[in-house]
Amino acid sequence: MSGNPLDWGRPIRSVRFGWGSIRLDLRLVATCLVAMLLTALLLALSLALGDYPIYPDQLWTILTGQGEGLARTVVLDWRLPRALMALICGAGLGVAGGIFQSITRNPLGSPDVIGLSAGSYTGALIVIILWTSSYGAVTTGALTGGLLSAAAIYFLAYRGGILGFRLIVVGIAISAMLSSVNMALLLRSDSEIALSAAVWGAGSLNGVGWDHATPAAVIICLLLAAVAFFARDMHGIELGDDAAKALGVPVERSRFLLIGLGVALTAAITAVAGPIAFIALAAPQIALRLSKSQGIALFPAGCVGALLLLAADLLSQRLFAPRQWPVGIMTVSIGGLYLLWLLMQQARKRS
Amino acid sequence: MAAGDILTAEGQREAEERRSGLTASNSQRALGLLAALAVLFLLVLLSIAVGSRPMPLNTVIEALLGRASGNDAVVVLNLRLPRTVSAMITGLSLALAGALIQALTRNPLADPGVLGVNAGAAFAIVIGISLFDLGAAYQYVWFAFPGAILATLVVYRIGSLGRAGATPIQLTLAGIALGAVLNGLALGLTLLDPDVFDRMRGWNAGSLAGRGYEVILPLLPIFALGVLVAGLAAAPLNAAALGEDLGAALGVNLAHLRALVVVAVTLLVGAATAVAGPIGFVGLMVPHVARWIVGPDQRWIMLYCLVLGPVLVVAADIVGRLVVQPAELPVGIVTALLGAPVLIVLVRRRKASAL
Amino acid sequence: MHIPSLRSAVYGLAAALLLTGSVMAQTRTIETTFGPVEIPENPQRIITTHYIATQPLVELGVLPVGQGRIDEANTPFWDQISDIPFISEGVEINVEQVAALQPDLIFSINLADEQQLAQLREIAPVIVIGIRGADRSNWQNRVHQIADAVNKLPEYEELETQLAARQQQIKTDYADVLANENFSVFSVWTPGQPVVFTSESMSGKILTGAGAQYAPASEALALPEGADVNLSEETLGDALVDSKNVLYNINLDGSDNPATAEFKQSAVYEAIPAVAAGRSFPIGKLTIAGFADANFILDNFEKALANISGK
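Which chain is which? The protein sequence lines are A, B and C, in order.
Offset between the first sequence (1-based) and this note's numbering: plus 112.
Offset between the second sequence (1-based) and this note's numbering: plus 48.
Offset between the third sequence (1-based) and this note's numbering: plus 22.
Just chain A, with the same shape it has in the complex:
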């Protein structure tokens, strides 16, 4: 294998195709591959484990299409859509977080910090408390709340352009306001409603079936495809507005589009599963540290996000079995612990 004549200081190889070559950052690729492999493993585990006993041979029969009865329902109608949803939502959150952190140039600039989750939660709470817990209504409420708050944040932060700092501050302000409203709504309602709303607010994939997973998955995948298309511009923007303009990146338009995609991703995921905290914040940072890339890389962020959420969902079901915890609590705990561990590792290396 011939190396590059240039030394990038990191393992990079060129792969030649008939119509040109692309430069592959080996460490990045390795990170993604490992993440995807682990994800596949966890997916298999998710199908096999649960409180309803399914034996390995039973599992095989069901997966090859010959199962029947309640066992089949358990694996194909309950476990499978849930695991797939975890995977896709995790990837979406990782990517959305990456977009925001890149655009705002601040590792704290994540959708949950900026207040999209709070807005979705407000919308959902208003529906749950004043009306009904029905899935369709809550989802619509959450979506509306999230999009409205995103629009409010954007317009309030827009002043001849979006300055990253201003976006975050406005986001934090709106988030704090909405959190207050949420808390007020929770306080004033009955204990059981508040508990039910709090579980939604913690982010839960419990009960996700095909009729909810399929449309959500389609939307999220479409959004991810759109992001892949515009991702190039994002790296240009990372260099700074002036440099980006010099490179021919249409800065304002790209920023608007990318933020819009990030918002849409977060809103769609939050509407389905409730606000799942921390994946959007932690996945890009973890991917950054693992692949040692220079800027936020969206593909690894997505891979890490998918792995994180799937692991969190599996743990939330099995760790204290048969007690079930909402997956949002696991993400926050796992994400936080891993970030701490990474920090300690990094610090140790430096000393």
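Calculated from the structure, these hints are not laboratory results.
As the structure is a computational prediction, the values presented were derived from the model and not from experiment.
Just to be clear, a hint being listed does not mean it is correct.
[To be verified] With a straight-line cut-off of 16 Å between C-alpha atoms, the simulated EDC-like cross-links for lysine to aspartate or glutamate are:
#	chain 1	residue 1	chain 2	residue 2
1	C	193	C	177
2	C	286	B	262
3	C	307	C	321
4	C	307	C	275
5	C	307	B	243
6	C	325	C	180
Following the hints, complete the assembly by docking chains B and C onto the known chain A.
Frame of chain A, contents of chains B and C only:
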């Protein structure tokens, strides 16, 4: 990726905007401070005069003079007076802590909670409620405060690993990480038991109701100590803001300064949260307003925080007592509703109040 | 090889089994608050997802095979139910665990996640109990529906008759006291946030049935807002100002809730006229799951009345 990076055009613009505040001279700043004090005084009077129970003004005065009895006296002397005192103390603590943390981490988005203090307190309280059947305000204090301290210690320990020591970004990330873990665990525990959930949601809103003198008096020495340590850190923070090399040249020991700030923030926020529960937004917003008025001098910022913090919390408490009569809205809910619009207005001004 | 006789024998056997099966699995339709539900004639393996359905079942003499989370301190039936697995922690239901327990009837609440309800319905018929909304105060209706579903209507009638008789007995035994006294009920679960319960609340209906008159001030202040109303420490005094007796919440084992205990040390509490006159009594749990809770209230009410008349 740190904000305020002077290598970018934006960073340079921010650095320029940084130099001036609304007031241009020390005498103007002193005048402003007096005006703020006057506002605070009026608010204190208002806080004693109004509440969820409408009372005529002369009854209030009678009560203050010790000439009323029954519910009238109880409301004014046992409810409103201690409550106003608590509001002022928590207000100034949170604002001061916010100024410190924003100066230390040089991140204007930092909130004192970034060190994990609130999360530590909340987690300790959940443990207390689940295992020890806690439910009263004076009980919460004895769990929340140690919990806050422990959390900050862990954050500081993790943040200072490595040769560089406790750099702002390390501290922030460690604080956010630990905070997230503790919050997650706390939330998880509350969702497992509806009783625990009920008590936590009452505490979580941040409230000054039911906090009499027996709750705040034991913590007074802690508040005083926190303010003192904060004062000691003011001047060195000014020097440190010039950058690490210049700061060191001016004789500032960064490691000591960081430790000092962390101690002050822990004491102040730990005690405030122990008393009232998590009252958000004060620590984030008040330093911004202060900076907008006086510019980047930390000593002036802290002086203004000492007055503006109480202004926000007392005002929020008053509003909370008026809007949903005969019930009350907890102060923690109102602070964000009041403060957020102000913050948004500030941030939309041409000169962003960055650090 | 084609063996028609064997195959038709198998079909015949299957048909016979199916017939007997359907005879064994006879169902009937029951009217519930949320519409008609087809349930087995004689359900044997019942699962509840919330204590509000568990207590009525136990009172009626039926033990479920799976239940919603309840603490020892909040139920008088702990000895009987402590071994039954918990399949729900309040909101989240472990649907797989429910499936593994093979129930033939499930009681859920109208706050349960719609998706989870759909999954539960794939396991067994589900009856939804109204825990929120207009139905909230009507606890007897809930118990009645549960009794109907598990064929324990006679037991329900008996419990209902006993309660009514008890209420009547209190009315007659303490007629003179009741004629001259009035009451209000409050509780403090969160520091600084007292709640007042009016005659329309769950506990109110039990107490008025036993002859209690509610004091005008608390009724006037609270009733416009609903059956149980949040007040502040400032306004609680006004709500209780003309009550000759005040009743407050207490746990099933007789212990005070910590926030209530703290409140009882405060100046606001001491300033309540009834308290100053020594007329403050514990009354019991203020959310009623079944007859056990109702009887607990009547126990404490009788003690209070005895105390008042003994003076």
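We went through each hint and held it up to the structure:
1. Proximity of residue 193/C to residue 177/C is assessed by CA-CA distance (about 24 Å); at most 16 Å being required, the pair is judged violated.
2. A distance of roughly 14 Å separates the Cα atoms of residue 286/C and residue 262/B; the hinted pair therefore holds under the 16 Å criterion.
3. Straight-line distance between C-alpha atoms of residue 307/C and residue 321/C comes to about 12 Å, which keeps the hinted pair within the 16 Å bound.
4. Between residue 307/C and residue 275/C the alpha-carbon distance is near 10 Å, which keeps this suggested pair within the 16 Å criterion.
5. Note on residue 307/C and residue 243/B: the hinted pairing holds, with a Cα-Cα distance of about 13 Å set against a maximum of 16 Å.
6. At most 16 Å may separate the alpha-carbon atoms for a hinted pair to count; residue 325/C and residue 180/C exceed this at roughly 24 Å.
In this structure, the hints that do not hold are numbers 1, 6, in rising order.
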